[in-house]
Every structure is written in structure tokens, then in C-alpha cells.
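Engineer: Chains A and B supply the protein sequences, listed in that same order. Residue numbering for the first sequence follows the numbering used here, beginning at 1 and increasing consecutively. Residue numbering for the second sequence follows the numbering used here, beginning at 1001 and increasing consecutively.
These are computed hints drawn from the structure, not numbers from a lab. A hint or two may mislead.
With a straight-line cut-off of 20 Å between C-alpha atoms, the simulated EDC-like cross-links for lysine to aspartate or glutamate are [claimed, not checked]: (1) A/Lys69 / A/Glu88; (2) A/Lys58 / B/Glu1102; (3) A/Lys69 / A/Glu20; (4) A/Lys107 / A/Glu16; (5) A/Lys49 / A/Glu16; (6) A/Lys110 / A/Glu16; (7) A/Lys107 / B/Asp1085; (8) A/Lys49 / B/Asp1085; (9) A/Lys58 / A/Glu16.
Pulled a few chain B residues facing chain A out of the computed Cβ check, cut under 10 Å [as the list claims (entries may be wrong)]: (10) Ala1002; (11) Gly1016; (12) Gln1017; (13) Gln1044; (14) Ile1046; (15) Phe1047; (16) Gln1048; (17) Gln1056; (18) Arg1057; (19) Gly1084; (20) Leu1090; (21) Cys1091; (22) Phe1104; (23) Arg1110.
Ideal Cβ placement from N, Cα and C applies to all residues, glycine included.
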Amino acid sequence: AQSVTQLDSQVPVFEEAPVELRCNYSSSVSVYLFWYVQYPNQGLQLLLKYLSGSTLVKGINGFEAEFNKSQTSFHLRKPSVHISDTAEYFCAAGGYGGSQGNLIFGKGTKLSVKP
Amino acid sequence: DAGVTQSPTHLIKTRGQQVTLRCSPKSGHDTVSWYQQALGQGPQFIFQYYEEEERQRGNFPDRFSGHQFPNYSSELNVNALLLGDSALYLCASSFGGSPYNEQFFGPGTRLTVL
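Excised from the complex, chain B in its bound form (with noise of 0.2 Å):
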């Protein structure tokens, strides 16, 4: 059974322009989160999908957005990119997104901004 797998692992982009992160949740899970970590900190929560649709978000601005795919899969598109966006990007999935299931982290998606 794979586990959380995101892709790419490694991506440089430059000020200003788009990216695009996917991910693949564990098999029998629904829910996908999303998390930035810059470097030396804890992870901060992004939003959350299920069900198709955005259930709770953190403090991000609108460049940050999200998608769930029928098959649960999830992508994270950041626009107009900023220095401060170069971070380790972490998805994670559970069932039913209550705080009683696990969550199971991915490896992360490191995002290089030039």
C-alpha cells in the first residue's frame, strides 16, 4: 500500500510566476490537507478539501489555491510567487478529516523561489 506521494520533490521557480503541486493521498483516504514549512519551522496549516471542495482554510492569501479530484487526489497552485514562498510543502491525507484520524504526511514538495 503507497502511502502519501507528492509530486514533484524538488521545483525552482521565479518571482512572479505559477506553480503547480500535486498530490496523492493513502489508499481509503478522502481528505486532503495542505501545509508550508519554511525552513527552521514548524509546518502551517494551508486548507483542507473534502469532498471536492475547500472545507477549512489558514491564514494564506488568495494566491494560494486548491483542488480535489474525484479520486481524492489534490493539487495546491500558488500564483504571482514571492521570495517568501520557498518553502517545504507538505500534503497530508486522513478519512473523514476529524482530528480523531491520522493524518499521513507525504514527503513533501521542496519550492525554490529565485
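Extracted from the complex, chain A is given alone in its bound form (with noise of 0.2 Å):
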């Protein structure tokens, strides 16, 4: 089965550090990825997204990632952060098979920073 793993449940980090938020799936198919993220009682944002291209996907926020094949991974980057960025981060994969359009999310990374 298709699935999509978020190797750290909590980060930890200070203001103005930068972090990596590691994110792996498993396919043998071409899929799309994607970063959400998720400030508390608010529905999900789109960070960035990778549907085919380069490999490094620039989104909001100064945030990165880069789409890496042979290890299948997603990890998200942001090279200084702020309290503002103190949230819960969501890694999702779609495109499934042919699917149209649902989306497998990880279980989540809660980002905090501190100052």
C-alpha cells in the first residue's frame, strides 16, 4: 500500500536556525508531493508542491524541498526560521495510480520554535 512517513513527530528549534523536515513515501509509480502546513484550529495550506520538473520546488513562506527519486524522499527546508513559523507540517503524495485527486498525507511534524 501507497504511504507517506514523516520521520520526526516534533522539532524543536531556535528562531533564526534552520531546519529540515524529513519526509519519505513509497510508490514504483510517478506521483506528485506535496507540504502542507497547519497552524492550530485552521484548515491545511499549501506550502509547495513537486508535479515534474526540477527537483528543487521553491513555495511560501522561504520555504524549499527537493524531490529525491532513488531515495524517495521530500524533505522540507528552510534555511532561518521564525516563531511565526511554530505550526504543524503535513507531507502528502497523490496522483496515486492514476487517481484524480486524493491526497496521502504523513502523519505530521509540529515545528517549534523558540526564541
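If you follow the hints, you should be able to join the two separate chains into one complex; please do so.
Structural biologist: Pasting the structure below:
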């Protein structure tokens, strides 16, 4: 079965430090990959997506992710985090087996940025 | 332009009851997907509606059903509620249902089953 694994459930980091949130997916076919952010009591907001082409994807709020097919990974990075980046981050995959729109999500990583 | 809206925001039900959750998609969108997010988990796909028909379904029992109206709004119905149905229910809208097109999520309805 297809799955998305987020390797860290919680990541504490100090303000202005770099951060990497890790995501691995299982697939033997092409997939589309996404990172979403969820602030408390809110829905999900798309940070960035990989559909095809360049393996380095830039998103909103200074985040970027690199698609690595050989390692089936799609790690999210930011060179310098802010307090406002404190939120839960979800990696998701879509397009399995020709599916139209359903997304398979990881369990999430809670990023906590401390002053 | 209003984004995706969901109602109600919170709901408390008892086991065995039935519940209906509502979703209005973002303007210009014709596809609605529903997800269940249990506490501490990522969202799980329930089903997707396009052109008033269920186009795709996740691994959820028949107690979960839905409907899409001509104006593209949608309802999620859950019958015979179980304690395990307690979760945040998210609605997402998109255009055409293609994974190329971004899904916009609403704030969710938090359902508590006692």
C-alpha cells in the first residue's frame, strides 16, 4: 500500500536556525508530492508542490523542498525560521495509480520555534 | 473571494446518532474532497465528489456517505456514529479533481462523539 512517512513527530528549533523536516514516500510509479502547513484551529495551507521538472521546489514563506527519486524522499527545508513558523507540517502524495485527487498524508511534524 | 467554508465549526453527538456536515467550495471550484483527521494523525481521504457524483472513495465504511449539489456545495453524512468517528473533518475544493490543481482546505468541523 502506498504510504507517506514523516520521520520526526516533533522538531524544536531556535529562531533564525535552519530546519529540515523529513518525508519519505513509498511508490513504484510517478507521484506528485506536497507540503502543507496547519496552524492551530485552521485548515491546511499549501506550502509547495512537486509535479515534475526541477527537483528543487520553492514555496511560500521561504520554504523549499527537494525531490529525490532514488531515496524516495521529499524533505522540507528553511534556512532561517521565525517564531511565526510554529505550526504542524504535513507531507502528502497524490496521483497514485492514476487517481484523480485524493491525497495520502503523513502523520505530521510539529515544528516549535523558540526565541 | 471567500475561501472554502464549512459548517458547523463544532458538533457534539452521542453514539448511534447521525450527523451532517456541510461544505461550500471556493469560487470557481467544482470538485469537493472530504478528509477525516483524527487527533495526532494526518488527514485521511474519505471521498471526492465531481459533477454531483462520487468519483473516488477511500477506505471508509458505507456509514459515510455524501452528496454534491448543482452549486458544487457538498454534504458529508455519517450514520450510526461510533466513538472512533470523533475527529476534525476537512473539506477541500479544487477544479477538475486533477492532482495538478491545488486543493484548498476549509477550517474543518470538529466532531465529538460521546
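Engineer: Now, for every hint given, state plainly whether the structure supports it.
Structural biologist: Hint-by-hint comparison with the structure:
{"no.": "1", "hint": "A/Lys69 / A/Glu88", "verdict": "violated (25 Å)"}
{"no.": "2", "hint": "A/Lys58 / B/Glu1102", "verdict": "holds (15 Å)"}
{"no.": "3", "hint": "A/Lys69 / A/Glu20", "verdict": "holds (18 Å)"}
{"no.": "4", "hint": "A/Lys107 / A/Glu16", "verdict": "violated (26 Å)"}
{"no.": "5", "hint": "A/Lys49 / A/Glu16", "verdict": "violated (24 Å)"}
{"no.": "6", "hint": "A/Lys110 / A/Glu16", "verdict": "holds (17 Å)"}
{"no.": "7", "hint": "A/Lys107 / B/Asp1085", "verdict": "holds (18 Å)"}
{"no.": "8", "hint": "A/Lys49 / B/Asp1085", "verdict": "violated (30 Å)"}
{"no.": "9", "hint": "A/Lys58 / A/Glu16", "verdict": "holds (19 Å)"}
{"no.": "10", "hint": "Ala1002", "verdict": "violated (13 Å)"}
{"no.": "11", "hint": "Gly1016", "verdict": "violated (28 Å)"}
{"no.": "12", "hint": "Gln1017", "verdict": "violated (25 Å)"}
{"no.": "13", "hint": "Gln1044", "verdict": "holds (7 Å)"}
{"no.": "14", "hint": "Ile1046", "verdict": "holds (9 Å)"}
{"no.": "15", "hint": "Phe1047", "verdict": "holds (8 Å)"}
{"no.": "16", "hint": "Gln1048", "verdict": "holds (5 Å)"}
{"no.": "17", "hint": "Gln1056", "verdict": "holds (6 Å)"}
{"no.": "18", "hint": "Arg1057", "verdict": "holds (9 Å)"}
{"no.": "19", "hint": "Gly1084", "verdict": "violated (17 Å)"}
{"no.": "20", "hint": "Leu1090", "verdict": "holds (6 Å)"}
{"no.": "21", "hint": "Cys1091", "verdict": "holds (8 Å)"}
{"no.": "22", "hint": "Phe1104", "verdict": "holds (8 Å)"}
{"no.": "23", "hint": "Arg1110", "verdict": "holds (9 Å)"}
Of the numbered hints stated above, those contradicted by the structure are hints 1, 4, 5, 8, 10, 11, 12, 19, listed in ascending order.
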